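**Q** Dock chain B against chain A, hints included.
Top to bottom, those sequences are chains A and B. Residue numbering for the first sequence follows the numbering used here, starting at 104 and increasing by one per position. Residue numbering for the second sequence follows the numbering used here, starting at 206 and increasing by one per position.
Please keep in mind that the hints were generated in silico from the structure rather than gathered at the bench. Fair warning: this is a prediction, and the values are worked out from it, not measured in the lab. Some hints here could point you the wrong way.
To give an idea of the chain B side of the interface with chain A (calculated C-beta under 8 angstroms), a few residues [what the hints assert, rightly or not]:
| hint | residue |
| --- | --- |
| 1 | Met482 |
| 2 | Ser525 |
| 3 | Lys775 |
Computed from the model, here is a short list of chain B residues facing chain A with C-beta under 8 angstroms [stated by the list, open to error]:
| hint | residue |
| --- | --- |
| 4 | Leu334 |
| 5 | Gly335 |
| 6 | Arg478 |
| 7 | Ala481 |
| 8 | Arg485 |
| 9 | Thr743 |
| 10 | Arg747 |
| 11 | Pro774 |
Restraint ranges, calculated between C-beta atoms of paired labels, are given here [to be verified]:
| hint | chain 1 | residue 1 | chain 2 | residue 2 | range |
| --- | --- | --- | --- | --- | --- |
| 12 | B | Ala360 | A | Asp125 | 52 to 58 angstroms |
| 13 | B | Gly268 | A | Asp133 | 30 to 36 angstroms |
| 14 | A | Asp157 | B | Gly668 | 53 to 59 angstroms |
| 15 | A | Thr116 | B | Tyr760 | 41 to 47 angstroms |
| 16 | B | Ala749 | A | Asp133 | 21 to 27 angstroms |
In this text, a Cβ means the ideal position worked out from N, Cα and C, and glycines have one as well.
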Amino acid sequence: MADYEQILERLYTHLRPMAPADTILDEDTDLVSGLGLDSVNVMDLLLEIEEDFDISVPLNVLADIRTLSDLAHSIARLVEKG
Amino acid sequence: MRGLAQRSESLDKGKRKVPELITTATPTINIHPLRCADFATLAQALDYAAQGVTGYNFYDGRGKLSAVLSDAELRRRALATAKRLHGLGLRRGERVALIAETSPEFMEFFYACQYGGFVPVPLPITINLGSRESYIERLRRLLYSCAPAAAMAPAEFLAFLQEAANGIDGLRKVASPEEFYALDEPAVQLDPSGPDDIAYLQYTSGSTRFPRGVVITQKAVMANLAGIVGPGLGVRSGDRCVSWLPFYHDMGLVGFVLGPLASQLSVDYLGTRDFAMRPRQWLSLLSNNQGTIAFSPPFGYDICARRVHQTEISRYDLSSWRVAGVGAETVYAETLERFADFLAPAGFSRRAFLPCYGLAESSLAVSFAALDQGILVDHVDRRALEGHMRASVIAPEPGRGERVSAFVNCGRPLPGHEVIVRDDDGKPLPYRHVGVVSVKGPSLMSGYFRDAVSTHVALGRDGWLNTGDLGYLTEAGLFITGRCKDLIIVNGRNIWPQDMERLAEEQPEVRVGDVTAFVATHPQGGEVVVMLVQCRLTEDTRRADLVSRLQRMIYGEFGINCRIELVPPKTLPRTSSGKLSRAEARRRFVQCVGWDRPNEEAIADAPKAVASG
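Just chain A, same shape as in the assembly (with noise of 0.2 angstroms):
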């Protein structure tokens, strides 16, 4: 039912409050070199994503996802598949 751009949106509310206050989020955004997140923040993130979109994440997926545009494509696949 989530399409990518609920997702994005949905994602933009979860990065908010772990970004810097005067960063921009948008699709194009670094999650690591623009947003700074480190390994505890991650962590975070995929607790809040897989709690909010009720999915797993599967570790090998992370590899590939650069940016928040990566990452709601990513999650997009996961709901899809349930």
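**A** Okay, now just chain B, sitting in the frame of chain A:
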């Protein structure tokens, strides 16, 4: 993680259909007498365990039991896979690389190697956001080092392994477990690895760039296991292990895959990433299954104390947890005290803490503190430590903070093992003199795989393993003070980088593991103490504030000026086991500031702060 039921179904194709639902974990109480690792080989240990009812249980991140592998089932599957590997034409002693996911399949292939006379090599899963390239590069270096004849990865990691294996000679098959199951099972007579054969290669030490494979024989690992489950942990009937430690790490593999099997204990596993996301699941498993033995590096206790909600504690019953082992990195008493205070209402006893010291080069363990004693802290005079390498006792009175260093007792060596502390010339030192910790005993590695130079440095001619760690002995046992090569020596004073790092980590903007400190030589002469701090701050004023505060505090505490550089998160280099690598950090820093190229203009501006005593 896929469940065993699913797998059994495909294995038992044509036979009766196995029910999909897994409802119960393997029991704690066995039907046969407990034997404490008194076996000649790992295969013999499994032969005995398979006669009982204990085994391995796998839980997902939400605490649901996702797979069960009894020791009996493991033996059946391992024997079948051993034959399949023979069918591939693998010769005795050849390596089989295994991506070590916390899964039944890893166990099956690991023990298949034991029965087939092959050498399993657990490979790490170190995947972060966007890390495809670096992970594949890391795997490639490991494959190049161990030169395997076959390699297995769970389906979801297979693409990484295949890419890494591209161009590696001699690899006959790189495949998922499912693809291995499709192979023929020739009716060969299996000849399991004997006591003098290699049990496994362990890639824990060494940097990611130059991996070193520790060669451990059956004899060595069995000697270590006998020491661990016997005098070390005092394993007894009714014990049950709980672990989230990765299978590619010595503590996870030897401590919580091989140890429980060699003493016929059931284990409940939580994936490493699942623990990092939901640390409460570790406590929850310990509570629900009345676990008695669980280990963690200090940071595991730290994240539990930080991230588990106070309100949840009443739900846990941790009164059965009799051994809370702690090792693998420098142990700070405060971290553990915080955990113990936090979980005391759940029945956790601080006497359960069991500090220990070990390294992959000694299979796993070297020394254990006494059971049921908890943390023993030795307070020593920091000036005597820095100036004379002496650990002189000092009372930790208020106001003396900056003069006191505190070290946690790591206990006495396992029976049959010796620990001495030596000076630079190799001469043993008396009690309370700091030197290089050296170990001798039956658990030691045979050497580093195909690396005679590193082997010679570590083992020398006299058979004493030079651990590279600094420490001292007292009547109470061994205390570890730091890594030898990391010691910062400024104008004859020895400063432990951990002490400086600790100071920085206490700042609210800085997290544990975000700091590394070392000395670098400036091309115009003199040595500079450098501290790299991973920092998420973006505002210039706040960054400047942190730097100047740290400089002030370090000068105040250690009397030295320090060059502080803020670096982006996740940029500090680590060893394959996740420890910060100061040597690699120093190398990169020197390169980055151009100090390795003394004639270029890059260094025209002298460093901001040069060390002064």
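**Q** Now tell me if each hint is right for this structure.
**A** Hint by hint, here is what the structure shows:
The restraint placing Met482 of chain B at the interface with chain A holds, with a minimum CB-CB distance near 5 angstroms, inside the 8 angstroms limit. About 28 angstroms separates the beta-carbon of Ser525 of chain B from the nearest beta-carbon of chain A, more than 8 angstroms, and the hint is not met. Nearest Cβ of chain A to the Cβ of Lys775 of chain B: about 6 angstroms, under the 8 angstroms cut. The hint holds. Look at Leu334 of chain B: its Cβ gets to within about 5 angstroms of chain A, closer than 8 angstroms, so that hint holds up.
Interface restraint check for Gly335 of chain B: the shortest CB-CB distance to chain A comes to about 4 angstroms, inside 8 angstroms, so the restraint holds. Proximity of Arg478 of chain B to chain A holds as hinted, the smallest CB-CB distance being about 6 angstroms (cut-off 8 angstroms). Here the hint on Ala481 of chain B is kept, as its CB sits about 5 angstroms from the closest CB of chain A, short of 8 angstroms. Interface hint at Arg485 of chain B: violated, since its Cβ lies 11 angstroms from the closest Cβ of chain A, which is beyond the 8 angstroms cut-off.
A hinted interface residue such as Thr743 of chain B counts as satisfied when its beta carbon comes closer than 8 angstroms to some beta carbon of chain A; here the least separation is about 4 angstroms, so the hint holds. Because the smallest distance between the Cβ of Arg747 of chain B and any Cβ of chain A comes to about 10 angstroms, over 8 angstroms, the interface hint for this residue is violated. At its closest, the beta carbon of Pro774 of chain B sits 4 angstroms from a beta carbon of chain A; the interface hint therefore holds under the 8 angstroms criterion. Against the hinted window of 52 to 58 angstroms, the Cβ-Cβ separation of Ala360 of chain B and Asp125 of chain A comes to about 43 angstroms, which falls outside the hint.
Checked against the given bound of 30 to 36 angstroms, the beta carbons of Gly268 of chain B and Asp133 of chain A, roughly 33 angstroms apart, stay inside it. In this structure the supplied range 53 to 59 angstroms holds for Asp157 of chain A paired with Gly668 of chain B, their Cβ-Cβ distance being about 57 angstroms. Checked against the given bound of 41 to 47 angstroms, the beta carbons of Thr116 of chain A and Tyr760 of chain B, roughly 44 angstroms apart, stay inside it. As the Cβ distance of Ala749 of chain B to Asp133 of chain A is approximately 25 angstroms, the hint placing it in 21 to 27 angstroms holds.
Violation of the numbered hints given earlier is confined to hints 2, 8, 10, 12; the remaining hints are satisfied by the structure.
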